[in-house]
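2 protein chains.
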Amino acid sequence: MLIKNVDILTVSKDAKSHELRKNASIVVKGEKIEKIIDANIPVDDNEVIDGKGKLAVAGLVNTHTHTAMSFLRNYANDMNLQDWLFTKIFPAEDELTAEMAYWCVKLANIEMIKSGVTCYCDNYFFMDEAARSVEETGIRAVLSRSVSGISDPTGAKLKESIDFFKRYHNTCNGRIMSTLGAHAIYTSDTDYIKRVVDAANDIGSGLQTHLSETRTEFDDCMAQHNMTPTQYLDSLGYFDVDGIKIAAHCVHMTNNDIEILKAKDVSVAANISSNLKLASGIAPLPELMAAGVNVTLGTDGASSNNNLSVLNEMRLTSLIYKGLSMDPTAMNAKQVISLATSNGAKAISRNDLGEIKEGMTADIVLIDMDSPSVAPATEPDAALVYSASGADVDTVICNGRVLMKGRKVLSADEERAVFEVKRIAEKIVG
Amino acid sequence: MLIKNVDILTVSKDAKSHELRKNASIVVKGEKIEKIIDANIPVDDNEVIDGKGKLAVAGLVNTHTHTAMSFLRNYANDMNLQDWLFTKIFPAEDELTAEMAYWCVKLANIEMIKSGVTCYCDNYFFMDEAARSVEETGIRAVLSRSVSGISDPTGAKLKESIDFFKRYHNTCNGRIMSTLGAHAIYTSDTDYIKRVVDAANDIGSGLQTHLSETRTEFDDCMAQHNMTPTQYLDSLGYFDVDGIKIAAHCVHMTNNDIEILKAKDVSVAANISSNLKLASGIAPLPELMAAGVNVTLGTDGASSNNNLSVLNEMRLTSLIYKGLSMDPTAMNAKQVISLATSNGAKAISRNDLGEIKEGMTADIVLIDMDSPSVAPATEPDAALVYSASGADVDTVICNGRVLMKGRKVLSADEERAVFEVKRIAEKIVG
Chain G
59 MLIKNVDILT
69 VSKDAKSHEL
79 RKNASIVVKG
89 EKIEKIIDAN
99 IPVDDNEVID
109 GKGKLAVAGL
119 VNTHTHTAMS
129 FLRNYANDMN
139 LQDWLFTKIF
149 PAEDELTAEM
159 AYWCVKLANI
169 EMIKSGVTCY
179 CDNYFFMDEA
189 ARSVEETGIR
199 AVLSRSVSGI
209 SDPTGAKLKE
219 SIDFFKRYHN
229 TCNGRIMSTL
239 GAHAIYTSDT
249 DYIKRVVDAA
259 NDIGSGLQTH
269 LSETRTEFDD
279 CMAQHNMTPT
289 QYLDSLGYFD
299 VDGIKIAAHC
309 VHMTNNDIEI
319 LKAKDVSVAA
329 NISSNLKLAS
339 GIAPLPELMA
349 AGVNVTLGTD
359 GASSNNNLSV
369 LNEMRLTSLI
379 YKGLSMDPTA
389 MNAKQVISLA
399 TSNGAKAISR
409 NDLGEIKEGM
419 TADIVLIDMD
429 SPSVAPATEP
439 DAALVYSASG
449 ADVDTVICNG
459 RVLMKGRKVL
469 SADEERAVFE
479 VKRIAEKIVG
Chain V
59 MLIKNVDILT
69 VSKDAKSHEL
79 RKNASIVVKG
89 EKIEKIIDAN
99 IPVDDNEVID
109 GKGKLAVAGL
119 VNTHTHTAMS
129 FLRNYANDMN
139 LQDWLFTKIF
149 PAEDELTAEM
159 AYWCVKLANI
169 EMIKSGVTCY
179 CDNYFFMDEA
189 ARSVEETGIR
199 AVLSRSVSGI
209 SDPTGAKLKE
219 SIDFFKRYHN
229 TCNGRIMSTL
239 GAHAIYTSDT
249 DYIKRVVDAA
259 NDIGSGLQTH
269 LSETRTEFDD
279 CMAQHNMTPT
289 QYLDSLGYFD
299 VDGIKIAAHC
309 VHMTNNDIEI
319 LKAKDVSVAA
329 NISSNLKLAS
339 GIAPLPELMA
349 AGVNVTLGTD
359 GASSNNNLSV
369 LNEMRLTSLI
379 YKGLSMDPTA
389 MNAKQVISLA
399 TSNGAKAISR
409 NDLGEIKEGM
419 TADIVLIDMD
429 SPSVAPATEP
439 DAALVYSASG
449 ADVDTVICNG
459 RVLMKGRKVL
469 SADEERAVFE
479 VKRIAEKIVG
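Here the protein sequences line up with chains G and V, keeping their order. Going by the numbering used here, the letters in the first sequence line up with residues 59 to 488, in that order. Going by the numbering used here, the letters in the second sequence line up with residues 59 to 488, in that order.
Be aware that a few hints might be false.
Which copy is meant is left open, because identical chains are indistinguishable; a pair holds if it fits in one copy or across any two.
[To be verified] Think about it this way: if two alpha-carbon atoms lie no more than 30 Å apart in a straight line, the pair counts; the simulated DSSO-like pairs of lysine-lysine are:
#1 Lys146 with Lys110
#2 Lys74 with Lys252
#3 Lys74 with Lys215
#4 Lys74 with Lys146
#5 Lys252 with Lys217
#6 Lys217 with Lys74
#7 Lys466 with Lys90
#8 Lys415 with Lys463
#9 Lys146 with Lys466
#10 Lys485 with Lys87
#11 Lys485 with Lys80
In short, the hints are calculated from the structure, not lab data.
Kindly generate the complete structure, drawing on both the sequences and the hints.
Right, here's the structure in full:
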């Protein structure tokens, strides 16, 4: 497969070294980027994608979401977190069946493909159905059957989670990965969290979790354990496992917390929209980044965002930290692109992703720079962060396979998924 | 014309009274909404628009922008305001010709139509060309040939502005309105501002201006006049003219400033994205709203946003004030919809706009609620604010005329406008 006549934003580990290669061609062979040529190659091939007027960037990585929650999008808004969770979200989730979850994940997969996301980290239940949708739609995912002590008195769910990891981790040509994960410190006691950590060490799994999302969580932990949530999890060995270690939210952080995350090589999945919408606060991303912590972007579930668009998060991330710091040079476009690509790849321990370079795995998205809300794209990195929206994503390639071309999703039936999830929402919360 | 089978969010002056009328029909006759019927009417008519799966809302009002600046989109980002203005923006603007401005306005008009904006307030120069584009594209605008003392030593520009008002105000079936306006207090001396105020009183014009955008503007004004920018303009009679009175930005405000704006019936055009991107600060919208000031939403120019999407601003407005106040019930979806519709209509002194009701002028947009990034739209007002983006706008009607249907702009050549503005950008800043 050849993508010709395209401008490439290559992305580098160091944001200052992102490079724009104009009017180049990308040769994809199997799952890999075989070659990048700084010229337009005249070819006669069935599998040529014309990249004229488009910008090629590495597929965006959404490091924290709950895909099956898409049936709860636009339900129960403008509410207090506790009321929202206990009177609306938890009761609705109790009604969800496995088959329903399959369609909800499918819709989320389609939404992410359509907005340029090629890889995401999921934390929920019904993971077999989630894996089925990932297999079919061709997207890449790190799937965690999230567990909590309060809902797992017999340990059956932790067993299910371990079993899922063993069956699915590194399957589907590397498109499906898995980790274990305790939901959060406030839904499990110390013994249960220790069991999750032990299990992770046993089977060689990484760990995901929600961490320091709200002030209440932070204050309660201090009162109960005389430690911050980060210190508490660290004391249980949560950050000493091998492989993927993602802490989502990290809104309320002390300097010592930041040092711990850096020392233990934990990646932070920031969820800016969700934290604003639920009024949880604003994560100290500049401080985390200055300390060398690997910061990435998540959307959280559709119920608290209410999108799964990493491009939305990129724009918001840049704007909000400029505004808060009163420094317009803060959180510039290049840095934000790193958060959503190369840092995301690092968070899931995949050094073959997150950049468009020879030898890398071909997760590539083409963004339309000639859209009337993006053109003129004089500075393509700024156009990507400040002007482009999900609807400007034209073509999506994951693991060398074209999942969307000209806005048409090739690997799933979009109308059917919308129809099914509307019906589920109608039934449960309509 | 009949829009059938549609859900209508009617909007009211009081945000709490917004009403959802499901599966209704809207009869449009000429420029007016003749009738709304709470039933699906079986008809055989050429001019039927099927509203199934769509939400009808009043056309969005963008109360502050500079349309001709679209050639500067994605040029000079992540910069300090003073460097940005004096080393990048002003020199580039000097190169712009009238014919170039025409195409830049045209692109901006297309972008706004495509994102559901039916009316905007413009502050720039080359206003004859701006009016030409507004006439052709069918959108509604309040056009101000913005003037400043430092660039108008002979008074020729103020004369041009007065002349433009006389020729264009309330023309084009009411689609074009006009006001005078001094750009800002820091680009005109007291005498010049007084002349603008006198001229407005002479010809019966309203006034627009930039007000208290940056801390520097505020501090300099205090040092020079021992008054805040708001107090200073008020002392010159700026807020005593009749008709449209719009103060854009209003980031740095005292309680007394807020009282003045309320007492003098001045509408505030908030420009949240632009103020964040240029790190000017965050306007006290909750305080302004609590005091009864008419708060509305603007995008500012494409050079500092970098879009002209009021839907973007709606989502951002709700999220940021929830986050800052740590109150998830703050700035709810219904309130934000008011800012972008009925409050916008009030700001431009048009009580026939901003709501979908019998007898109102037909500025109506239909938003696709079945988009995979919007569905399920269990709470349609939340879907509009938190999920919908410009790309979900399906149909746009302004003054009874269909400007876009099924995402296809009928009143302008989109590709041509993109082509021309890219060429202009290439020439001036490429």
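- What hint numbers does the structure not satisfy? Of the numbered hints, 2, 3, 6, 9, 10 do not hold.
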